[in-house]
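Student: Construct all of the structure, not just a fragment, from the sequences and the given hints.
Residue numbers (the numbering used here), protein chains in the order written: chain A, 12 to 337; chain B, 509 to 798.
Keep in mind that the hints were calculated from the coordinates and are not lab data. Treat the hints with care, as some may be off.
Claimed, not checked - Dumping the calculated SDA-like pairs for lysine to any residue here, alpha-carbon to alpha-carbon at most 20 Å:
| hint | chain 1 | residue 1 | chain 2 | residue 2 |
| --- | --- | --- | --- | --- |
| 1 | A | K190 | A | T206 |
| 2 | A | K190 | A | G203 |
| 3 | A | K190 | A | I204 |
| 4 | A | K190 | A | R119 |
| 5 | A | K190 | A | Y173 |
| 6 | A | K190 | A | R117 |
| 7 | A | K190 | A | V209 |
| 8 | A | K190 | A | M202 |
| 9 | A | K190 | A | A174 |
| 10 | A | K190 | B | Y599 |
| 11 | A | K190 | A | L118 |
| 12 | A | K190 | B | R601 |
| 13 | A | K190 | B | R598 |
| 14 | A | K190 | A | W177 |
| 15 | A | K190 | B | P602 |
| 16 | A | K190 | B | E603 |
| 17 | A | K190 | B | A600 |
| 18 | A | K190 | A | E200 |
What the hints assert, rightly or not - If you want the footprint, here are the derived chain A segments under chain B, 3+ residues with CB under 8 Å:
| hint | region |
| --- | --- |
| 19 | 247-256 |
| 20 | 280-290 |
C-beta atoms are modelled at their ideal positions from N, C-alpha and C, and glycine is treated no differently.
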Amino acid sequence: MRGWFPIVLLVCGAAVVFALPELLNAYWLRIATGVLMWAGLACSWNIIGGYAGYIDFGHSVFFGIGAYASAILMGDAFGWPFAATIPVGLLAAGGVAAVIGGPTLRLRGAYFAIATWAFAETLLQLATVLEITGGTAGLSLPPFLNERFFYFAMLTAAAATYALTWLLFERSRFGLKVKALRDHEPAAEAMGINTAAVKLQAFALSAATAAVFGSIYAYWVTFINPRSTLGGDITDQMVVMVLLGGLGSLWGPALGAAALFIVNRIFWMYWGDTTFYIAILGLAIIVVVLFLPNGLAGLFARKTQNGSQNAGRALWRALTRPGVER
Amino acid sequence: MDLLLQTLLNGILIGGIIASFSIGFQLTFGVLHVIDFAVGAWVVLGGYLAYWMSTLLGVGGFVSLPVAFVVFGAIGYLIGPVIYRVRNSRYARPELMALALTFGLFTLLRGGALTLWGFNTRSVPTALSGESLMIGSVTVPLLRVVAFAFACAVAAALFLILYRTRYGLAIRATAENRHNAGLMGVDVQRLSANVYGLYAAVTGMAGVLMAAIYSVNPEIGLRYTLFAFFVAVLAGLGSVGGAILAALLFGIMESVVATYVGSSYSHLAIFATLYLVLLVSPRGILQRGL
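Tutor: Below, the structure written as structure tokens:
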């Protein structure tokens, strides 16, 4: 019975996901596309932040590199087809991560967070003064108005990201190595794990996946500028989505992304601005940190330390005894 | 030459104010072991408190200073124990959870300020706004001088508390080793709340002055957080004495780059320096951080 359950769930999920473009109108289809994008981005942040335990406050860099790679190469100067720009962005982001990862990943905890943030803001400022990125005015891409294409593009990218994460982090030795260095780096090193190399691989993987979504996003919205692709808001959302969903869990980031992005759009729909949404984001982080350190996914975990299996009971326990769960 | 003098003076005056809240930031890190993302939000809210005082009650910026001290001191005193609790919880990674908490606090306060006051820039009038002294050919804005004097007074007061009182000894002991300080009879949790309250109060007051000198809008908070981080990294996290030097250095650097290279490059220079300093010497250029 239990062995069949995930397969049934997967088939049903796939059916719903493929039927969605037929069922939704253009507006909701865009929202569904957005949910897929954020689910993928959250998963990519989760690789470095959740599995490796390095809180990256500058992950928007890699999203932005993907977006700018597509925008520049598809522009008049090069005129490449869209599909050819994705690998370029992916490799560029992975390469940048591999280069800066060496020195940056030596820093730990809050130092790493500040360093990545500083690096992201450096690139953001650079993008506003350089000519090739179009400065503050940004770049336009050739418009391609086919919502279905972007839905399936995001779907493919997100599915690939989750499949890759599942394979590498839940079903391989590599994942065990990464988790070992997260839990105790000196001990992992003493076990013979080359922690520097493993960290760097995880960081580059996390960067490369984020870049793919950047490329698709740029083509989707057809106009990008430094703020919209490299800005701190992009990173903030990734971080909050993963925290809400559950750091270091496979499906948690998707849950968090869906919940927050839909809330964001609802605010936008009814009040026409999203300033209050920022406050909600902050509140969500505080609530998660105080009451749900394992995120939404933690509520559904098969076995908590106390042996409770019921999500409702786990929630009650978390709310009444903050800070106790490990 | 005059331009250079003017630039240096501006840099030092601004660096002084940044020093006033950087000292508190360092003290908080020393005692709580938490990097407070919310520092910029306290600066911004201090500015808005002064703005409200001036529009609703019609009083100038200087009257808001003691009010800011009381209000933010109280808020900080209430929030301090929460941060302490998360930092010392049984979570798998309390350090990162505490970082996430202050980040959440910052986001909440920024979103709240945006909702309440919108994106518009507000200014705070004071008795000295627009007044300035001429020394030779260098213009000295009086407001900035007063703000600098205030910052010096705050720094002096903090140093007196830290190095000349028994309570300051307890703070320094806690910063050095929390566990041992607790064994010596220091109530670490209460001390943490007090230090966070003191720091929030001083930062709120600095915010009043910053709003009077420049102006205030909710999005500017991130910049002040950056300033505090920059100073903290340059000085070495937790080093109180280094913070003053680093803040002055920062003020001069920002003002020189803005004048001679262009203001759009000053952020680029700050962030690039911050990143490089972290890579080359994470304990700060004075090698005195934790």
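Student: Could you run down the list of hints and mark each one as holding or not?
Tutor: Verification of the supplied hints:
1. With a C-alpha separation of about 11 Å, the suggested pairing of K190 of chain A with T206 of chain A holds against the 20 Å cut-off.
2. The straight-line distance between the Cα atoms of K190 of chain A and G203 of chain A is roughly 14 Å, inside the 20 Å bound, and the hint therefore holds.
3. Pair hint K190 of chain A plus I204 of chain A holds up; C-alpha atoms about 11 Å apart against a cutoff of 20 Å.
4. Distance check on the hinted pair: K190 of chain A and R119 of chain A sit about 15 Å apart at the alpha-carbon level, within 20 Å; holds.
5. For the proposed pair K190 of chain A and Y173 of chain A, the alpha carbon gap of about 17 Å is at most 20 Å, so the pair holds.
6. Restraint check: the Cα-Cα separation between K190 of chain A and R117 of chain A comes to about 17 Å, which is no more than 20 Å; the hinted pair holds.
7. Under the criterion of a C-alpha separation no larger than 20 Å, the hint pairing K190 of chain A with V209 of chain A is consistent with the structure, at around 10 Å.
8. Between K190 of chain A and M202 of chain A the alpha-carbon distance is near 13 Å, which keeps this suggested pair within the 20 Å criterion.
9. Among the hinted pairs, K190 of chain A with A174 of chain A is consistent with the structure: their alpha-carbon atoms are about 18 Å apart, no more than 20 Å.
10. Among the hinted pairs, K190 of chain A with Y599 of chain B is consistent with the structure: their alpha-carbon atoms are about 16 Å apart, no more than 20 Å.
11. Between K190 of chain A and L118 of chain A the alpha-carbon distance is near 18 Å, which keeps this suggested pair within the 20 Å criterion.
12. For a cut-off of 20 Å, the pair hint linking K190 of chain A to R601 of chain B stands: about 13 Å separates their Cα positions.
13. Note on K190 of chain A and R598 of chain B: the hinted pairing holds, with a Cα-Cα distance of about 19 Å set against a maximum of 20 Å.
14. Under the criterion of a C-alpha separation no larger than 20 Å, the hint pairing K190 of chain A with W177 of chain A is consistent with the structure, at around 13 Å.
15. For the hint linking K190 of chain A to P602 of chain B, the alpha-carbon distance of about 17 Å falls within 20 Å, and the restraint holds.
16. Pair hint K190 of chain A plus E603 of chain B holds up; C-alpha atoms about 17 Å apart against a cutoff of 20 Å.
17. Taking the CA atoms of K190 of chain A and A600 of chain B, the gap is near 13 Å; set against the 20 Å cutoff, the hint holds.
18. Of the pairs offered as hints, the one joining K190 of chain A and E200 of chain A holds, with about 12 Å between alpha carbons and a cut-off of 20 Å not exceeded.
19. Beta-carbon proximity to chain B at under 8 Å applies to 4 residues in the region 247-256 of chain A; the threshold of 3 is reached and the given coverage holds.
20. For the region 280-290 of chain A, the stated coverage by chain B is satisfied: 5 residues place a CB nearer than 8 Å to a CB of that chain, which reaches the threshold of 3.
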